[in-house]
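Taking the hints into account, I'd like the entire structure generated from these sequences.
In case you want the letters, here they are:
Protein chains: 6
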Amino acid sequence: MTLHKIQYKHIIENALLEDFSKGGDLTTDALIPEDAMGETVLRAREEGIVAGLNASLYAFEVLDPNVKFEFYKKDGDLVKVGDKIVKVSGNIRAMLSAERTCLNLLGRLCGIASFTNRLVKEVEGTKAKVVDTRKTTPGFRVLEKYAVKVGGGFNHRFGLDDAVMIKDNHLAFSNSLTEAVQKVKDYVGHTVKIEVEVDTLDQLKELLENPVDIVLLDNMTPEVLKEAVTLVNGKMITEASGNISIETIKSVALSGVDIISSGALTHSIKNFDIGLDRY
Amino acid sequence: MTLHKIQYKHIIENALLEDFSKGGDLTTDALIPEDAMGETVLRAREEGIVAGLNASLYAFEVLDPNVKFEFYKKDGDLVKVGDKIVKVSGNIRAMLSAERTCLNLLGRLCGIASFTNRLVKEVEGTKAKVVDTRKTTPGFRVLEKYAVKVGGGFNHRFGLDDAVMIKDNHLAFSNSLTEAVQKVKDYVGHTVKIEVEVDTLDQLKELLENPVDIVLLDNMTPEVLKEAVTLVNGKMITEASGNISIETIKSVALSGVDIISSGALTHSIKNFDIGLDRY
Amino acid sequence: MTLHKIQYKHIIENALLEDFSKGGDLTTDALIPEDAMGETVLRAREEGIVAGLNASLYAFEVLDPNVKFEFYKKDGDLVKVGDKIVKVSGNIRAMLSAERTCLNLLGRLCGIASFTNRLVKEVEGTKAKVVDTRKTTPGFRVLEKYAVKVGGGFNHRFGLDDAVMIKDNHLAFSNSLTEAVQKVKDYVGHTVKIEVEVDTLDQLKELLENPVDIVLLDNMTPEVLKEAVTLVNGKMITEASGNISIETIKSVALSGVDIISSGALTHSIKNFDIGLDRY
Amino acid sequence: MTLHKIQYKHIIENALLEDFSKGGDLTTDALIPEDAMGETVLRAREEGIVAGLNASLYAFEVLDPNVKFEFYKKDGDLVKVGDKIVKVSGNIRAMLSAERTCLNLLGRLCGIASFTNRLVKEVEGTKAKVVDTRKTTPGFRVLEKYAVKVGGGFNHRFGLDDAVMIKDNHLAFSNSLTEAVQKVKDYVGHTVKIEVEVDTLDQLKELLENPVDIVLLDNMTPEVLKEAVTLVNGKMITEASGNISIETIKSVALSGVDIISSGALTHSIKNFDIGLDRY
Amino acid sequence: MTLHKIQYKHIIENALLEDFSKGGDLTTDALIPEDAMGETVLRAREEGIVAGLNASLYAFEVLDPNVKFEFYKKDGDLVKVGDKIVKVSGNIRAMLSAERTCLNLLGRLCGIASFTNRLVKEVEGTKAKVVDTRKTTPGFRVLEKYAVKVGGGFNHRFGLDDAVMIKDNHLAFSNSLTEAVQKVKDYVGHTVKIEVEVDTLDQLKELLENPVDIVLLDNMTPEVLKEAVTLVNGKMITEASGNISIETIKSVALSGVDIISSGALTHSIKNFDIGLDRY
Amino acid sequence: MTLHKIQYKHIIENALLEDFSKGGDLTTDALIPEDAMGETVLRAREEGIVAGLNASLYAFEVLDPNVKFEFYKKDGDLVKVGDKIVKVSGNIRAMLSAERTCLNLLGRLCGIASFTNRLVKEVEGTKAKVVDTRKTTPGFRVLEKYAVKVGGGFNHRFGLDDAVMIKDNHLAFSNSLTEAVQKVKDYVGHTVKIEVEVDTLDQLKELLENPVDIVLLDNMTPEVLKEAVTLVNGKMITEASGNISIETIKSVALSGVDIISSGALTHSIKNFDIGLDRY
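Protein chains in written order, with my numbering: chain Z, 1213 to 1491; chain P, 1213 to 1491; chain L, 1213 to 1491; chain R, 1213 to 1491; chain H, 1213 to 1491; chain C, 1213 to 1491.
Read the hints as simulated data drawn from the structure, not as lab findings. Predicted model, so just to flag it, every value in this text is computed and none were measured. Do not take every clue at face value.
Heads up, the list lumps identical chains together, so a pair's fine if it works in one copy or across two of them.
What the hints assert, rightly or not - Below, a list of computed lysine-lysine pairs in the DSS-like style, where the Cα atoms sit at most 30 Å apart:
| no. | residue 1 | residue 2 |
| --- | --- | --- |
| 1 | Lys1438 | Lys1341 |
| 2 | Lys1280 | Lys1341 |
| 3 | Lys1438 | Lys1333 |
| 4 | Lys1339 | Lys1286 |
| 5 | Lys1462 | Lys1438 |
| 6 | Lys1339 | Lys1438 |
| 7 | Lys1221 | Lys1438 |
| 8 | Lys1296 | Lys1482 |
| 9 | Lys1438 | Lys1299 |
| 10 | Lys1221 | Lys1462 |
| 11 | Lys1296 | Lys1462 |
| 12 | Lys1482 | Lys1417 |
| 13 | Lys1482 | Lys1292 |
| 14 | Lys1395 | Lys1339 |
| 15 | Lys1341 | Lys1482 |
| 16 | Lys1397 | Lys1438 |
| 17 | Lys1292 | Lys1339 |
| 18 | Lys1333 | Lys1285 |
| 19 | Lys1395 | Lys1462 |
| 20 | Lys1447 | Lys1333 |
| 21 | Lys1286 | Lys1482 |
| 22 | Lys1347 | Lys1280 |
| 23 | Lys1462 | Lys1341 |
| 24 | Lys1379 | Lys1296 |
| 25 | Lys1299 | Lys1217 |
So, in structure tokens, the structure goes:
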């Protein structure tokens, strides 16, 4: 996936201004000569998957258009503790002033990719794909879903506007699930997939009479999921969700579902630890 | 603290557009009548501290300027599982389309306030204040530091421009700590405080010959911290940082430091779980 | 479809500034008293379908927050020459200064809805849906696709990011169509539909060995289209495109295709004629 | 006329984001290698005048700062079917992802320039200049008026703020045309021209007693226009408007008016057909 | 002149964020209860002309949408030391936090209007109009030119795009003044006025052979100006510029020129002193 | 201090658009060939201190990315009448179209630096530092405070959010100064300095019982200031303000205060006169 600069430049620029929109970087401006040049290196302080390098390093480019990068790792690569990720050569003031902005973004994106990758590794050997949700940081959805993909996961819909997902709240204004599905089919264009959330096997059976593209099997035990997969029998893509964790995901995957989606991929991530050191 | 709408409106508006900048909320638009009105309630699904209500609820206001809120809780209040936080009355389409944006922000801010509050509770009875860092989500620094304050913590500097913090990297271009401190004093205005990071008691002793406003005692054990506090003897504000967790913070506080700062308050937060239910 | 104000407000506000970013509306400011109030009416000067009222009338709201509208017609309604569409009551200066901005947008959107509706009427009785393309005015895609929908058409994908469309240019880097389709299936998430463009029945036959969701039958005669529809036999959604006009669309529809897409719906529209008259 | 990048960059950047603000260009990202380089050519598919190259090609520059252009034609040149306009060399992904944005803008601007040029050709040999109006696409006024100029036409005022145009609605609050003209003269600065719209020769005669810079002769037949031109006798610039078309413009021009203005130059344009082909 | 909110809202909002984009108004938030209501009054501390009330008071509206204003003076009114201008009723925190932003803008605009008015008073009885230049604060041209108008002056062109001004630098690429004037006439639309700068009577004589709309008589003594006015004899509007001050303007005006333009109206203004006091 | 481009680019770009957002620079575009290249020089027309070169010259860069600068002076340098500041080589159209924007900003910033420098020179030999206020042009605070620093002055707080200043209005809601100071200490973080304004020596004595970081001695005569300095005796930083002028500042400084702050540094500046001449 090509992540273009116009998709993230405002995020980095706004973040930089959080740090020196007023009197500049007081410490750096007082102590480092304006034209001092040097080299630093981004180094992993834990093990995981790199994601978001271009977007994060743009922080340095904004303050020093002549900065040079030498890459030891690229997005998707595994790093271990102490591994060099990228060497940064350029103006020292720019490096010190942009360091935190770069690391705040990179730490989050590597954190997402690394956690996604752990889940993906867990379900290896099954047919299940690990998929994200819309539980993303406001304004960072593209970046965070990109990190999921870099980590080996796949993306669920990006917004309310690129796929249909019928939930309980939506059904309240229809006479039946069947009627609701028909309303949606009449409404959306031919390029849009339709997903319906069901909580019980009875709901699933009703849906199977008028199947849609995807069924969301919400909060079911592995046993019930297995039964659901058998019922669906390939007529819809099956997606499991609810309480997915590193401990539970394997058993969910073994139920035979096609997709396992988890909000935790993006909404509760520990920043990945990276340091900016002297080269 | 008054958080004004101009400080967060772009965040909410951008996040809403992530969800329906294209063909709208397909599911809702297909199934819910345009003028359907109703009531929903935000309800806590875990125990913690509420933070960020105004900013988060603005998501509903954007889509329905006539939406009404009835508040059961306000920022800073403790909620338990199942507690109602606020009743939302208005257009149903607007509510469903804005739900995720609201919860994505509110979940994060309540998560920060709740975790901060746990740390604050841990150090009760000591003189230590719990303080945040600049390890914040790019563009969310004000909101996240607000949540820290709501949770009972205090704010460290907001940027590189409102206080000085001299670290190793900065010293490389000076002959001595003393010279660096003097350069900074010559450079900054009279309203700016100066902080210096030290890693050892020897550095601390050197600094004490020309004390500044605040000393950051980085990565020291509680025992060494205690010794440092004794050495400083009130001549500078003492701040401890490094590996602060719910398990360690009490022992750090008992060393007698004035301030304990922790990046974990903002950079590794599990979203607080809140649901939007039918009222 | 709910079109929210945050989706169009910048368009209207920028357009207003085109008209008076400098010394104001010189004529109006010189001749109309600042507090003069009055009533005007938007009246159709040709026959067609109304679309885009809210977005267009926002021009008046920007300059006069107290302006009142009384609607005779709503989006989707048919108007004939001379029909009143909406009465506008408020400050005269605001009305005159915003008139052209309002009409420039409304004229375009009604033009699109009206032309779409003519095509839709042409294919009545067949199964074909009339669908737009990405040949839209830069920055107006949502508004223009909304107008297509109001006119009775349906929307094709909104961007390169919500559905796949494999064309010749994309195939150049794969060994075969089959390989390309497989690459795409491996790449995209489970909510994304895949469409492939074919120019000949031979290509179609190859595609049918590994069918996707939608096939674009490009620039085929009605006879060839009929043959293609027979070959597809319901295994994919069939979409015809190329040289669709008011004269040709019926014969295309009679071939039995599901979808007829046309760039002309949005890229070559005569503005619909509406006047702002004294009430 | 120099059209500077700051005048159009937001238009192109916003339009690109319409196409891949979410998961990127799915098809291209799946099938084309990230570093694939190549050459394509923009080629005319009909005959007309080129306009807007720099602004339109900026779409490629945004996604590939190293893209190179080799120009066969420049703004204002005539192209025939099949003529190469510009060769584009660079990253293939960037080219395919930016293609539609580029063509959507270029097609519109060439369409305007080409239609303008046809009208200009029609009136060759008369003194009449072909002039645009404010009936432009919201936000595109500068670009569209630029295209009119490239096509050999001239620009009427750009906004309500750079020239005065007194119409019926404005007169309602004055006792007489004379009083209105005087009010305007008292109000505006010395660099501003004043135009008055008249519908009849009687109104024209009244105006001639206190002439202004320009008189708009609205919706008059060629015969009446000729009479009006005789009456004015060079004391004001004469401008004809209303129902100007390729069929009628010559007869209007032969009346001897100085200026013929037409909304159709910008408000009802068929996009000019241009293709992006492999070089 | 109607100054619309969309013309200045970004200026006020950006300025407010200069004051509390970080931790809020620390002093006010610490000391004033969130819901404290009260009344304050803007009071003149010197004598002059009020200008820019709506734009300046918008600072209060941004922070307190329910704020109420009671006006004692309006734009254009004369105030003396101690005069009340407007009473502000609403939330105290909002008032204190917005005070400086409001006064910074209002002080500048009243300063411009007041100085303009002094010059206008000086030339009373002559035919000369006092006119501004493009020497305005970047981004404030509309507001500052509005203040000139409020003070009784008139506006010169707003930009390089609404009137022509030929200066020495422009002539370097033409063979003669006559050729340059002709080039410009061929280039610009019929609504645009043309002005030429001359430094000597010889240049003026050359220009008079092919007169334009306005002649700028630059840096001439009153005696030479008088001679110039006689030479022009009403064939062009005469404008004097260069070293216009409160001491010299009367003698310049007595030369008989139509227009006196002065950069000092906007580029070197002492802020008008206004205080925000308890009511 | 490093002033980064992201801190001022919007100011310059907006200002340029004030000049040619419509039909371009009419005069230049008509008379200067599009590809004409040449050299000009910025030359001082009065004596003073240069400030803001990078930000101001960015106006040329925007219109001509290949423009070259050769610097004779840099920020902080003294220039005398006729001194060359910088040579500008590049496209002539760009130079002429950007000239006014560049000079409008540069003139203001040099004006501030030059006036600041005169005050700084006046107090040489005393311990007093010359300091600015928040009385800055809306949106230009960073640039204007930068100019103060370049001129040899120092910066007071940049906003309401980076230091506390307790004034009368704030005290109204507390029982005593002591209580207010305590409230503030309880509220703000440990990196924030606290300043209190006092008008009389009695207030000062009360404050000295619970001293803060800085005391603002407002509108006191040099004699009273001297007494105040003696009372404070180094326990707080002393700052004098009120009616500071080139005539009075020396006597204020001789009182022994640490800081002299003056709104006049930024709110009432005469633009510094600089010309753009042919090289």
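Tested hints:
1. Proximity of lysine 1438 to lysine 1341 under the C-alpha cut-off of 30 Å is restricted to the intra-copy arrangement: shortest distance 16 Å within a copy versus 39 Å between copies.
2. Proximity of lysine 1280 to lysine 1341 under the C-alpha cut-off of 30 Å is found in neither arrangement, the shortest distances being 37 Å within a copy and 41 Å between copies.
3. In the homo-oligomer, the alpha carbons of lysine 1438 and lysine 1333 lie at most 30 Å apart inside one protomer (21 Å), although the nearest pairing across protomers, at 45 Å, exceeds that limit.
4. When the C-alpha separation of lysine 1339 and lysine 1286 is checked against a cutoff of 30 Å, the pair qualifies only within one copy, where the shortest distance is 27 Å, while the shortest distance between copies is 46 Å.
5. Within a single copy, lysine 1462 and lysine 1438 get their C-alpha atoms as close as 13 Å, which meets the 30 Å cut-off; across copies the closest is 47 Å, which misses it.
6. For a Cα distance limit of 30 Å, the shortest separation of lysine 1339 from lysine 1438 inside one copy, 13 Å, qualifies, whereas the shortest one across copies, 39 Å, does not.
7. Taking the closest pair of Cα atoms, lysine 1221 and lysine 1438 never come within 30 Å of each other, the shortest separation being 45 Å inside a single copy and 45 Å across copies.
8. Taking CA atoms no more than 30 Å apart as the test, lysine 1296 paired with lysine 1482 passes in both settings, with 21 Å inside one copy and 29 Å between copies.
9. Proximity of lysine 1438 and lysine 1299 under a CA criterion of 30 Å is satisfied in neither setting, with 49 Å inside one chain copy and 39 Å between copies.
10. With identical chains, the CA atoms of lysine 1221 and lysine 1462 are never at most 30 Å apart, being 38 Å at best within one copy and 41 Å at best between copies.
11. For the identical chains of this complex, lysine 1296 and lysine 1462 are neighbours neither inside a copy (32 Å) nor across copies (35 Å), given an alpha-carbon limit of 30 Å.
12. Proximity of lysine 1482 and lysine 1417 under a CA criterion of 30 Å is satisfied in neither setting, with 40 Å inside one chain copy and 36 Å between copies.
13. For the identical chains of this complex, lysine 1482 and lysine 1292 are neighbours both inside a copy (17 Å) and across copies (25 Å), given an alpha-carbon limit of 30 Å.
14. Within a single copy, lysine 1395 and lysine 1339 get their C-alpha atoms only as close as 32 Å, which misses the 30 Å cut-off; across copies the closest is 17 Å, which meets it.
15. Taking identical chains as interchangeable, the C-alpha atoms of lysine 1341 and lysine 1482 lie at most 30 Å apart whether they share a chain (22 Å) or sit on different chains (23 Å).
16. In the homo-oligomer, the alpha carbons of lysine 1397 and lysine 1438 lie at most 30 Å apart both inside one protomer (28 Å) and across protomers (25 Å), since each shortest distance falls under that limit.
17. Taking identical chains as interchangeable, the C-alpha atoms of lysine 1292 and lysine 1339 lie at most 30 Å apart only when both belong to the same chain, with a minimum of 28 Å there against 39 Å between chains.
18. Only within a single protomer do lysine 1333 and lysine 1285 lie at most 30 Å apart by alpha-carbon distance; the minimum there is 20 Å, versus 42 Å between protomers.
19. Taking the closest pair of Cα atoms, lysine 1395 and lysine 1462 come within 30 Å of each other only across two copies (26 Å); inside a single copy the shortest separation is 37 Å, beyond that limit.
20. In this assembly of identical chains, the alpha carbons of lysine 1447 and lysine 1333 lie at most 30 Å apart only when taken from the same copy (27 Å versus 35 Å across copies).
21. When the C-alpha separation of lysine 1286 and lysine 1482 is checked against a cutoff of 30 Å, the pair qualifies both within a copy, at 21 Å, and between copies, at 28 Å.
22. Proximity of lysine 1347 to lysine 1280 under the C-alpha cut-off of 30 Å is restricted to the inter-copy arrangement: shortest distance 25 Å between copies versus 35 Å within a copy.
23. When the C-alpha separation of lysine 1462 and lysine 1341 is checked against a cutoff of 30 Å, the pair qualifies only within one copy, where the shortest distance is 11 Å, while the shortest distance between copies is 43 Å.
24. In this assembly of identical chains, lysine 1379 and lysine 1296 lie within 30 Å of each other by CA distance solely across copies; the values are 22 Å between and 46 Å within a copy.
25. Taking CA atoms no more than 30 Å apart as the test, lysine 1299 paired with lysine 1217 passes in both settings, with 21 Å inside one copy and 24 Å between copies.
Checked against the numbered hints listed earlier, the structure breaks hints 2, 7, 9, 10, 11, 12; every other hint is satisfied.
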